[in-house]
Amino acid sequence: MREGCIVVLSAFFLILNLINFAYATNGCGTGVECGSLPTDNCDVTQNTVFSTGFYDLNSGIDICASNISLNCNSSVLNGTGELSAFIGIHVKNQSNITIWNCNIQNYQIALRLEGSSNDRILNNSISQNTQGIVLAEGALGFSNNIIIQNNRLLNNRCFPLAPICSNIGIRLSNSDNNTIINNSIKSQYAEGPTSGGRSDGIDVRRSLNNTIMDNVIQNISRINSLTTSSSVRLGPQSHANLILNNTILDIGNFGIEVIGPSSFNVFFNNTIVNTSYGVYLNSTENNTAYHNNFINNSFNLKDNGSNFFNISDEGNYYSNYDEETEGCFDENVNGICDANLGNDHFPFCNLNGWTLDFDVRSLSVINATGTERVFEFTINNYANLSLANVSWSLETGQDMKNSTLPVTLTPYERLFVYVYHNYTASGTYIVTASAQGNGFRDVESIVIIV
Amino acid sequence: MQSAKRTGVAMLALTTIVVALLTYSLASSQPSGPTTAFGPNWDRTCSGAACTVTIYPFQKYYQEGGQWQEINEDFQPCPSADFCVPGNLYQASLANGSVSLSSGTRTAAFRLLAVRSGGTELTLSYSSAGANANRVEYRSVLPGMDITFSYLSRVLKEEITIHAPLFSTFSDDPVFSYQLANEGFFIEPPWICDAAGECQDLVPTIAGGTYSFSVPLAWLNNASRVYPVIIDPSVSLDNQSVIFQGYVARNPNVNPNTYVRQSAQSIRVGPFLGGFPTSRKIYRGVIEWNVSSIPDESRINAIILTIRANQVANCPANTNISFQDMDLQMASYPDTNAGNNLSFMDMANLSISQPFNWTNITAIQFYNITIRGEKHLEARLPADWFSTGMASQIENDCAAGAATNETRFDSPAADPANRPVLTITYTPLANESEGRRAIEVGINGSSLGSPRIRTDQQLYVLDQNAQHAMGTFDKFTKNATQRWAFNYVTGNESFTNISSLFRTVNIWENQSLTFDEIATQVETFINSTKV
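Which chain is which? The protein sequence lines are A and B, in order. Counted from 1, the first sequence has number 401 at position 400 by this note's numbering; the numbering is strictly sequential. Counted from 1, the second sequence has number 453 at position 451 by this note's numbering; the numbering is strictly sequential.
Heads up, some of the hints might be wrong.
[To be verified] Negatives, chain A to chain B, calculated, CB over 10 Å: (1) Asn297; (2) Thr370; (3) Glu396; (4) Ser404; (5) Thr405.
[Unchecked claim] Just a few of them, taken from the derived set where beta-carbon distance is under 10 Å, the chain A residues facing chain B: (6) Asp358; (7) Leu395; (8) Tyr419.
Hints are computed from structural coordinates only; laboratory data are not their basis. We treat Cβ as the ideally placed atom computed from N, Cα and C, and that holds for glycine.
Next up, chain A with everything else stripped away, as it sits in the complex (with noise of 0.2 Å):
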């Protein structure tokens, strides 16, 4: 047991010494000037553009100078994937850097900035790295300010080697009002070997009012129990930061992960998919989630603070509380279940239900006799405004059948409606009810087999 502590130690501490040695091997004026063929360690002090092509640059290069901008012209900027390719850009107390057009692969840190603000991050690569942007305090202070827009991360991921990774798509520490914006983050997974591996499609720590948004964040897994990971991870100290807008899918662990203290940050409409939890605020307090899609989550909300997940009467989606056999009745047919689910009192039943005035759903077979079937589907004005003339549509897989009576919907009033139809022959049909009246217009489908 002593032993085995003495090894894990040991090995800390080496890592230690590696980025020490690359911190103290990387860095402004021990390069050339980069110019348009970079070489290993450079220095880019202007405006520069690369040659297209694929350069093994193990120890990366430096931005130097302030008010510059960097365009990889689709260049290749290649690490050894091994613990001695530390950072493949590195951004240190300079601003207004603009870094663009750029693949960038196999280091430990593909591009980190410290102590600089007012910078651009647009359209880049990043694969194969341990963690893919990272923003930090620098000796200039915090990194502000700074736009990181439109770039792909794709199956960033520890090292071999690597005792304790933390694989991060971006990271966010000591960074305050930066703006993530329409990026990519897919492909990323925490291994061990032992516990303590973490991966995180946006990891944001003592930073506050950062907007992170239009993300697509996919395939955050993990190795094994001991290891966590989560699409975008807040805390501690995070606060006052929005996360909006952004579809989380696939997430080994936490859709939204919040550790406290942090507190005041929005989460809303985000669309989280397939997760262990969707929500997850861990000692955290006046934290606020609305309007967010949770769909085929094990758990929705973990929350073991003083936390909303509503604000005023709306909440969230929940794909596991959205008909009458889960619970869901909207009596009152404001597209709002009439029961809170756990925090959330004002839970929607449908997929971002708070855009919906008119909803054609729970199209259903209710009657199965032979060929003989009858269906059953509901039309449903959530609009505080009475809709006249709607009409409904009802497509058997054989026929049209459509309504003939003018039907009046009263605000949030519910039709029910019912339709026979005996199918001449055996097999699989698509049966879509439509309703539309009054500028609006709703679908539903579903299969059947006869």
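Since the structure of chain A is provided, determine the placement of chain B on it from the hints.
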């Protein structure tokens, strides 16, 4: 227009002033034990599921100290006057022809002082007075002229009866002058009618402390006048429009025929030929009842009209009277010749009772007439009125040649002991809210247990016959793949007429049921259709 005022007087005189003061409640609609309730013109006893209400075409009760008291209209001797009525809604006393009325702080007093024509003044005498129940009669105030005061619940009715043409020697219209003090009561416009039903309004004037009206001498001395004639200057507690009771007289001897509505102590029905000089009239009558004491949603089980009748016919063995449900209230018919013509026809249109065969009459007495108008009354309940029009089945000369087949019914203005009443036995039905509640009781009592129940659910069904139907149901519930929709139809609602779709969509619709009947039917329906 003349008759309109006269009708107003008659209305008040008949005191069918109805205050829709309902004490009806849910408890009384579903009585669990005998309960009694009162209203201004009704009293009701409920026992079990049925209620019996007796409706009076006049105000019978008033509230005093929060309790309903029966109005006692009888005059009685009193120390400070000849006769008085000390209680009720207003108090009256008569002394030597002087009338004093009071109600709270309101007072009025009047006395007919003189009848004059030109320089001639006739001396009045109030020396001969007698009381009978609610009437005090001063006989021979003038030779051939009596004055009768009738105490009614809200009206003091005065009738000056002139038995013979007293004023044939007058050169000017006789003027009747009253001494008037305080005007705390409403003085009805006076009118005059002869025994043949010919009437005319009189125009009063008030000057100083004098109230007077003149009677056209030409009318009094007309050769067709049938005596006695009656002048009616009544005084009422208030000026309210009340339901009409009376008759319409048709004069078939003029072309076009004339129609005049009239209210009196006696409602005349049938052909009449008589008087002096001989006059021919055909009468039809009506009594309008305020039925607000009956809940709108009720099943009427029986209607009994108890009315005192007298046959003045001489048409042997064939003077049947039929009773009709009036299409309109009398107030809806203009008091014009045309309007009264229409009401006259309405009074004989669509019989709802078995003919009342007057050959059974052996004496002047009360008769219990079964009115077969249960459904008619049910339809009238929301409007709170129900009218029984009365017409003779033979309005021409009978086969034996007799020209008079008249029947006279005592009206609500008759002596209190002789007034008609309407006794209705009914079962309170569930109203809309009760019906909905009963449906829920039925659902929850069914084998479904306590399922979720939706209210006002709209359904659209396209069935196996390609028939489209749509409707809104009071209650709707689901169980697995079965649906049940319930519609209890009340008021202006209508049946959806949606048919059940196999046992998948089960439709129940009904109306006119009691709470328990609904609950039982709903429960049975579910249990019999549940798979």
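Hint check results:
no.	hint	result
1	Asn297	holds, 26 Å
2	Thr370	violated, 7 Å
3	Glu396	holds, 13 Å
4	Ser404	violated, 7 Å
5	Thr405	violated, 5 Å
6	Asp358	violated, 18 Å
7	Leu395	holds, 8 Å
8	Tyr419	holds, 5 Å
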